[in-house]
Amino acid sequence: MITTSFKDFCKNDLGNFILLSKKEYSNQETTSSKHICWKHCSSPFGKSTYVNIKYKNKIIGRTLLQPKKFRIGLKNYKVALVTDLLIDPKYRFPPTNFIKLTKACENTGSFDFIYHTSNNITEKFYKKLFKFPQPINMSGYGFPIKISNFINKKIGIKFKPLDLMLFIPLKINYLLLKAISIKTEVNIVKKVPSNREIKNLISQGVANQCPFFFKNQDILRWRLEKAPLWQATVYSINKGKKNYGYFSARIVNIGTIKFYTIIDFIYSDKLTKLELFKIKLMQFKMAKKSGSDALFTMLNGKSELGAHAIGYPFLKIPDFMLPHNTPIFVRPIPKSIPSNVISGTHITLADLDYF
Amino acid sequence: MNSRDVIKIIEEVLETEPGLITERTFAKDVENWDSMSHLGILIKLDKKFNGKVAQISEIAEADSIKKILDSLKKYKLISS
Numbered sequence: 000m001i002t003t004s005f006k007d008f009c010k011n012d013l014g015n016f017i018l019l020s021k022k023e024y025s026n027q028e029t030t031s032s033k034h035i036c037w038k039h040c041s042s043p044f045g046k047s048t049y050v051n052i053k054y055k056n057k058i059i060g061r062t063l064l065q066p067k068k069f070r071i072g073l074k075n076y077k078v079a080l081v082t083d084l085l086i087d088p089k090y091r092f093p094p095t096n097f098i099k100l101t102k103a104c105e106n107t108g109s110f111d112f113i114y115h116t117s118n119n120i121t122e123k124f125y126k127k128l129f130k131f132p133q134p135i136n137m138s139g140y141g142f143p144i145k146i147s148n149f150i151n152k153k154i155g156i157k158f159k160p161l162d163l164m165l166f167i168p169l170k171i172n173y174l175l176l177k178a179i180s181i182k183t184e185v186n187i188v189k190k191v192p193s194n195r196e197i198k199n200l201i202s203q204g205v206a207n208q209c210p211f212f213f214k215n216q217d218i219l220r221w222r223l224e225k226a227p228l229w230q231a232t233v234y235s236i237n238k239g240k241k242n243y244g245y246f247s248a249r250i251v252n253i254g255t256i257k258f259y260t261i262i263d264f265i266y267s268d269k270l271t272k273l274e275l276f277k278i279k280l281m282q283f284k285m286a287k288k289s290g291s292d293a294l295f296t297m298l299n300g301k302s303e304l305g306a307h308a309i310g311y312p313f314l315k316i317p318d319f320m321l322p323h324n325t326p327i328f329v330r331p332i333p334k335s336i337p338s339n340v341i342s343g344t345h346i347t348l349a350d351l352d353y354f
Numbered sequence: 000m001n002s003r004d005v006i007k008i009i010e011e012v013l014e015t016e017p018g019l020i021t022e023r024t025f026a027k028d029v030e031n032w033d034s035m036s037h038l039g040i041l042i043k044l045d046k047k048f049n050g051k052v053a054q055i056s057e058i059a060e061a062d063s064i065k066k067i068l069d070s071l072k073k074y075k076l077i078s079s
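Line by line, the protein sequences give chains G and F.
According to numbering that gives the first Met the number 0, the first sequence is numbered sequentially starting from 0.
According to numbering that gives the first Met the number 0, the second sequence is numbered sequentially starting from 0.
A hint or two may mislead.
The list that follows gives simulated cross-link-like pairs (lysine to aspartate or glutamate, DMTMM-like), each with its CA atoms no further than 25 Å apart [said to hold, decoys possible]:
(1) K123(G) with E30(F)
(2) K127(G) with E11(F)
(3) K130(G) with E11(F)
(4) K170(G) with D62(F)
(5) K89(G) with E30(F)
(6) K53(G) with D33(F)
(7) K126(G) with E14(F)
(8) K65(F) with D33(F)
(9) K27(F) with E23(G)
(10) K99(G) with D62(F)
(11) K153(G) with D33(F)
(12) K130(G) with D33(F)
(13) K284(G) with E11(F)
(14) K272(G) with E57(F)
(15) K102(G) with D33(F)
(16) K127(G) with D62(F)
(17) K126(G) with D45(F)
(18) K102(G) with E60(F)
(19) K89(G) with E60(F)
(20) K99(G) with D4(F)
(21) K130(G) with D111(G)
(22) K74(G) with E274(G)
(23) K123(G) with E57(F)
(24) K46(G) with D217(G)
(25) K7(F) with D62(F)
(26) K130(G) with E57(F)
(27) K53(G) with D62(F)
Coverage of chain G stretches by chain F, computed from C-beta distances (three or more under 8 Å per stretch; other residues unrestricted) [unchecked claim]:
(28) 133-142
(29) 312-318
Simulated from the structure, these hints should not be mistaken for laboratory data.
Bear in mind that the values here come from a model prediction, so they are computed numbers and not experimental data.
Heads up, the beta-carbon is just placed ideally off N, CA and C, and yes, glycines get one too.
Please work from the sequences and hints to get the whole structure.
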């Protein structure tokens with residue numbers, strides 16, 4: 000008989016977790032004990048909930064619900080991100096174990112709702128079979144720096160002179176940045192904002208604009224700076240001594256292409272359009288300096304906060320150019336929250352399982 | 000909708016030659032019939048039967064055409 004159980008994930012579960020992961024993957028993020036412990040045992044929000052299905056006392060399928068705090072206005076919700084779902088290849092047919100495990104995520108009784116992404120295989124099952132609500136869709140934004148590497152990836156020929164095509168836009172960016180810098184005081188400093196600064200950002204701006212995933216200094220440090228495999232740098236945005244937001248960036252290598260990726264941000268609504276433009280141009284400059292092939296981010300384009308981060312040089316990347324769609328499934332959407340409110344959620348790559 | 004129509008839908012999902020699948024076919028006998036294509040069958044049947052199939056666990060558990068057809072008959076979605 001197959002049974003389903005829920006428990007807090009702890010270090011003793013690592014052996015079983017890795018054993019099952021190795022049946023499917025060889026990549027580090029699913030087999031590195033340091034990474035798994037960081038992800039599921041060390042979050043400031045608490046330990047992940049280990050949902051597993053067993054047959055004859057052996058774990059044949061699992062998923063982990065990583066806890067988060069979601070905020071709408073001043074009201075907090077306890078939510079979880081569904082991660083690391085895997086069924087032992089021997090027990091995949093018929094697909095009842097996948098169905099059982101997917102449905103079980105909602106039944107822990109510990110969360111107001113859960114949310115998750117999909118890949119190009121599971122997307123159609125979540126949409127068409129389970130009919131999960133999909134109020135949010137992540138979109139990609141960016142700008143190329145070295146075109147030759149993208150062409151090389153497509154046709155296998157590296158033709159460096161192609162990079163000169165961007166010589167004029169790059170030059171214009173620098174000139175614009177210089178010109179804007181005379182007019183604006185906004186500056187970027189490598190520093191995680193203090194709890195007081197983040198609290199101010201949230202209470203004075205974010206909370207009035209859209210739903211968001213709660214952050215404080217501990218959370219930023221854990222998620223971005225202390226990640227064993229995927230460390231990112233956090234930058235504070237200041238005007239004089241006052242904080243006006245932050246963003247976090249890391250270089251993500253996908254195949255042979257280097258993406259300077261903005262994985263998290265909150266920009267104060269008190270920043271002017273010119274100041275926001277300067278921040279984006281500075282990010283572009285940082286991307287170029289890092290030797291990356293492109294500047295990149297993903298966000299919910301319907302979020303008011305997300306809107307601050309887009310616009311040149313963060314141009315919309317057509318969905319067909321991304322590896323797969325990134326719909327966000329939310330289930331069940333609490334009856335007290337209209338789904339159009341959830342649609343405007345500020346959500347970044349750091350709120351997801353990627354990067 | 001009858002058994003033949005259901006088999007036709009399954010043949011389309013599994014991309015098999017028409018006539019290869021009969022009421023006596025088991026999943027293990029068809030190369031393409033794995034967990035992913037089984038979920039594909041559920042999606043197609045669910046659409047055909049206006050969202051009623053996804054709720055029937057016997058169809059998700061079925062490992063043969065006979066079991067799928069018997070479940071659809073049991074829930075009166077196709078005629079006996």
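Now the hints, each set against the structure:
no. : hint                 : verdict
1   : K123(G) with E30(F)  : holds (22 Å)
2   : K127(G) with E11(F)  : holds (17 Å)
3   : K130(G) with E11(F)  : holds (22 Å)
4   : K170(G) with D62(F)  : violated (63 Å)
5   : K89(G) with E30(F)   : holds (16 Å)
6   : K53(G) with D33(F)   : holds (21 Å)
7   : K126(G) with E14(F)  : holds (22 Å)
8   : K65(F) with D33(F)   : holds (17 Å)
9   : K27(F) with E23(G)   : holds (22 Å)
10  : K99(G) with D62(F)   : holds (17 Å)
11  : K153(G) with D33(F)  : violated (32 Å)
12  : K130(G) with D33(F)  : holds (22 Å)
13  : K284(G) with E11(F)  : violated (52 Å)
14  : K272(G) with E57(F)  : violated (58 Å)
15  : K102(G) with D33(F)  : holds (20 Å)
16  : K127(G) with D62(F)  : holds (21 Å)
17  : K126(G) with D45(F)  : holds (12 Å)
18  : K102(G) with E60(F)  : holds (15 Å)
19  : K89(G) with E60(F)   : holds (15 Å)
20  : K99(G) with D4(F)    : violated (28 Å)
21  : K130(G) with D111(G) : holds (19 Å)
22  : K74(G) with E274(G)  : violated (30 Å)
23  : K123(G) with E57(F)  : holds (21 Å)
24  : K46(G) with D217(G)  : holds (15 Å)
25  : K7(F) with D62(F)    : holds (17 Å)
26  : K130(G) with E57(F)  : holds (19 Å)
27  : K53(G) with D62(F)   : holds (21 Å)
28  : 133-142              : violated (count 0)
29  : 312-318              : violated (count 0)
Checked against the numbered hints above, the structure violates hints 4, 11, 13, 14, 20, 22, 28 and 29; every other hint is satisfied.
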